[in-house]
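Number of protein chains: 2
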Amino acid sequence: MSRLPEYSDITDAARQVSGEAFRTPLLENDVLNERLGGRILIKPECLQRTGSFKFRGAYNRLSRIAADDKVKGVVAFSSGNHAQGVALAAKLLGIPATIVMPSDAPLVKIDGVRRLGGIVVEYDRATGDREAVSAEIAGRTGATMVPSYDDPFIIAGQGTAGLEVAEDLRARDIPLDQFVCCAGGGGLIAGCGLAIKHHFPNCDIWAAEPEGFDDHKRSLAAGERVSNERKSGSLQDAIITPTPGALPFQLNRNQLTGGVTASDDDTLEAIAFIWKHLKLVAEPGGATAFASLLNGQIETSDKTTVVMITGGNVDPAIYRQALERV
Amino acid sequence: MSRLPEYSDITDAARQVSGEAFRTPLLENDVLNERLGGRILIKPECLQRTGSFKFRGAYNRLSRIAADDKVKGVVAFSSGNHAQGVALAAKLLGIPATIVMPSDAPLVKIDGVRRLGGIVVEYDRATGDREAVSAEIAGRTGATMVPSYDDPFIIAGQGTAGLEVAEDLRARDIPLDQFVCCAGGGGLIAGCGLAIKHHFPNCDIWAAEPEGFDDHKRSLAAGERVSNERKSGSLQDAIITPTPGALPFQLNRNQLTGGVTASDDDTLEAIAFIWKHLKLVAEPGGATAFASLLNGQIETSDKTTVVMITGGNVDPAIYRQALERV
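So the protein sequences, as listed, match chains A and B. In this text, residue positions in the first sequence follow this note's numbering: the first is 591, and each later residue adds one. In this text, residue positions in the second sequence follow this note's numbering: the first is 591, and each later residue adds one.
Any given hint might turn out to be false.
Any copy, or any two copies together, can satisfy a pair, since identical chains are not distinguished.
As the list claims (entries may be wrong) - Heads up, simulated SDA-like pairs for lysine to any residue below, C-alpha to C-alpha not over 20 Å straight-line:
#, residue 1, residue 2
1, Lys681, Gly627
2, Lys681, Asn623
3, Lys681, Ala862
4, Lys681, Ala656
5, Lys821, Gln887
None of these hints come from the bench; they were simulated from the model.
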């Protein structure tokens, strides 16, 4: 499949990952609703296997690899969450996995990959070229490259989170006004947007990004993909991809209403709020969308909003910093 | 209803709290399963409204108060979680609530009650008599006393958590070997035990308690209710009730297999594990059952075990202490 994914690819992915990925709940919190003056429903993908949504796409992609190619393994590059998702999917499917990770990735993520049996190859985020490193490994070993967003199976797999949201809302007869989701490469929001728009055509879809790394926001405004100037230097490490992914952007340019941003400080506040009231553990990049609600960039009064908390793999030192805000 | 609750009281309570209490999910974690060599399913009641299971029983109880008595209000005594559950149920049902709380209760719990509109009356846990303080208020105002466990509606309400567990397991065709749950007054484990035993008659039910406050363990061994010597001095403040509740113990003496314990240190380790791998926030008393798995008191190899995480209302200072274990 090299074409743009459609809604049926997401329902197909849902069948593929069923029994492997968890069906995460849709949560609600009284204090949050009161503070934002609307109804907020939370999709906590931090509760997904490996602590982020990334396992969904990875399992959907890896499970499609032909038997002959499985023995040659897979190779992926990632700041950590995709890495862990691929490592677990590979382990479950009996596929050797090599993961190219930035040397400044949170230790908890690097350890996570190793615990799952993945081989970690480090590179320098500021000077290295992770795509070149990965391509060299793939060329040498015949391993299948597993992109973190520029792939229809990955997009469709991540979209199963949005499908669950839509199904849960329909089952409870709740109409949806807006859906807020972080965007790194944009695969998750593209797949979820496809599922959400199918069920709620008039729902606004908002991309949330770190301040200074708002390539989606600016790309949507420009009508074409533009890049960030900086490549590193954000706590929200999971979503500081330099440019919107080509394939996701073909969906996102039509599906998304616009972009919003959150500073590192905003995400620490959000992590503290999520700890105190939701009893969930979020990582900075996993709390970006939530932070863009708390910092007032999205109007929530008298609306029903779904917000994704996309991951919870955070180093203790950063978490302790957030807890000082409580 | 002053008789011993039966299974039908729990299904009745489930209808009563439906749409008010959340249906919490049943979670699973790869790292936990691997570490314990069995299948562990986690019921995270820290995700319940007000951050603990207590809302279930409180709502079931308060919703049965006659209209004439509602205006006179309710009074409850609690170290905090029952307090918050009663305060929210009262707010939703339009009933004034007065809560008698120990002065050393976590600030997060006292604040929680006040935010929900409850009036807090403090007493000294070591020297005061919370029952006398509450009875005086009830006598003066005509308010309905809301016990935290010695009440059939409370027990049945808490049991809805166990009913959800049983229903989810049945829907997924998973047989259950053992169910591990903390015990303070014993209302939760009594109600849950009733629901679990109805669906899985051979399932072992284990009560988990703080070291030095193992009144259930010793009462089960003695065949009658015995008390703890100490009344205070545990991090696991939510479950250091001095004696098993009379009504719950009538169920527990027949339903429970035995008791296990966890030290404060064990619960800090458990909180850290739950933070790192499950991405959930547990309070010390909410992590006691989980800690009794990690500390090896319950055999989990090749068994399917459900463990309750009963609450997540913890002061930041204690949480930071736990994070040092990561």
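Q.
Checking an output row: Lys681 and Ala862, CA cutoff 20 Å. Within, between, both or neither?
A. Classified as neither; 34 Å inside a copy, 26 Å across copies.
Q. Given a CA cutoff of 20 Å, do Lys821 and Gln887 count as a within-copy pair, a between-copy pair, both, or neither?
A. For Lys821 and Gln887, neither the intra-copy (24 Å) nor the inter-copy (49 Å) Cα distance is at most 20 Å.
**Q.** Intra/inter-copy verdict for Lys681 and Gly627 if alpha-carbon distance must be at most 20 Å
**A.** Close across copies (17 Å), not inside one copy (44 Å); limit 20 Å.
Q | Alpha-carbon proximity context of Lys681 and Ala656, limit 20 Å | A | Answer is within; shortest intra-copy Cα gap is 16 Å, inter-copy 58 Å.
Q) Are the CA atoms of Lys681 and Asn623 at most 20 Å apart within a copy, between copies, both, or neither? A) Between copies only: 15 Å across chains, 40 Å inside a chain, cut-off 20 Å.
Figure legend: structure checked against the earlier numbered hints; hints not met, in rising order: 3, 5.
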